[in-house]
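> Sequence lines, in order, name chains A and B. Mapped onto my numbering, the consecutive letters of the first sequence carry residue numbers 199 to 378. Mapped onto my numbering, the consecutive letters of the second sequence carry residue numbers 2 to 186.
Don't read these hints as lab results, they were simulated from the structure. The reader is advised that the hints may include incorrect statements.
[What the hints assert, rightly or not] Label-pair ranges, simulated between beta-carbon atoms:
hint, chain 1, residue 1, chain 2, residue 2, range
1, B, Thr101, A, Glu362, 23 to 33 Å
2, B, Asp64, A, Asp286, 40 to 50 Å
3, A, Val302, B, Glu164, 44 to 54 Å
All C-beta atoms in this analysis are idealised placements derived from N, C-alpha and C, irrespective of residue type, glycine included.
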Amino acid sequence: MKAIATTILIVAFVLTPANVALATGDDFNSVVKMIEQFYRVKHEGLPFLAKAGMKVATTAARIKGGDAKRIAEAGSVKLAVFEDQKFDGDVVKFRSSLNEALNVTWMPLIQTVSATDQEQVYIFLKDAGDKFNVLVITIDQRDATVVQVTLSPRNLALLLKDPEGTGKAITQEATINDQE
Amino acid sequence: MKLLSIALLLMLTPVLSAKAQDSRIQMSSLDHLAAKASQTVDVNLDERLMRLAARVFDDKDTDEREVKKLVAGLKGIYVKSFEFDTEGQYTPGDLETIRTQLRGPGWTRLVNVTSKKDGMVEVYLLFNGDAVNGLAVLHTDDKELTVVNIVGPVDLDKLAKLEGQLGVPDLGIEPQKKTKNDDEK
């Protein structure tokens, strides 16, 4: 009887969502690779990404002076930019693949897909202790950006209040920061 | 024996949680429309995210204080919206998958609800006794289909305050007179 109970306990514990969530790796890189493979926008290894028109950078977020406010936590920004490449593919199929890949650990907050304009915006959330990881993926006909940042609960609330607006702000902030 | 009880409790936890989410309607049957849509929007805000969202509203502002109070009691906001370039891209069968759920126990369709938007708006409330435990809005137009599902205590008067925030689209709903539909269960 004890053996059966122990087995049930182990199975129940293993099936608990929190434990399933631990079984994943670096989703940021996985998403970048997925975009590369799906849209065939990269044919080189990571060291040569710059030649292919893609930059990968982990930027240290710097607090600007004046009225500028940072959304992302300092040092938390991961950024991948695809510039001037052809993103020609089935957006519905891509969306489905992306959700399938991320649905174990990430929570989809808002997803906007325009099949006719080939524009896609995806915002995913993940618990990171007392803070939250946010993954913002934007793809249009010629460019794409993948940004992962850590947000404080306060800034997460801003994202929740206005998901589209704050998602764009996160991408802009990361991109501008990368150019500094 | 104690170990067995703990194991069973662990296994039953998801079932009990699902029971508490009864006012959440399933919209995945509409996912196939994304392939035909010119624009698709999906919003998912669960209970935990709702609690966090409540923090951002300012207590000092009268309007925001009301929204904060409203949001604090909610367990989720879910939106699925499709816009099409041409008419006839969704079928009555697609709508039926949503309406079937809204004919379930507790759901009541509100009449005398109008919208500034073109097309038809159907508003449903989930009652538990006199308390409202959920709301669903089905907006249909020739080239548009939107489903909004708010889980938790919400009334139509307060819905307007959420429009344009937290991913809730601007539905232009104007409550006139709240009446329970006679033919409802």
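> With 23 to 33 Å as the target window, see if threonine 101 of chain B and glutamate 362 of chain A comply at their CB atoms.
Holds - the Cβ-Cβ distance for threonine 101 of chain B and glutamate 362 of chain A, about 31 Å, lies within 23 to 33 Å.
> Just to be sure I understand the hint, the distance between the Cβ atoms of valine 302 of chain A and glutamate 164 of chain B should be within 44 to 54 Å; is that true here?
At 33 Å between Cβs, range violated.
> Regarding aspartate 64 of chain B and aspartate 286 of chain A, is the given constraint of 40 to 50 Å on their beta-carbon distance met?
holds (45 Å)
Hint compliance for this structure: hint 3 is the single one not met.
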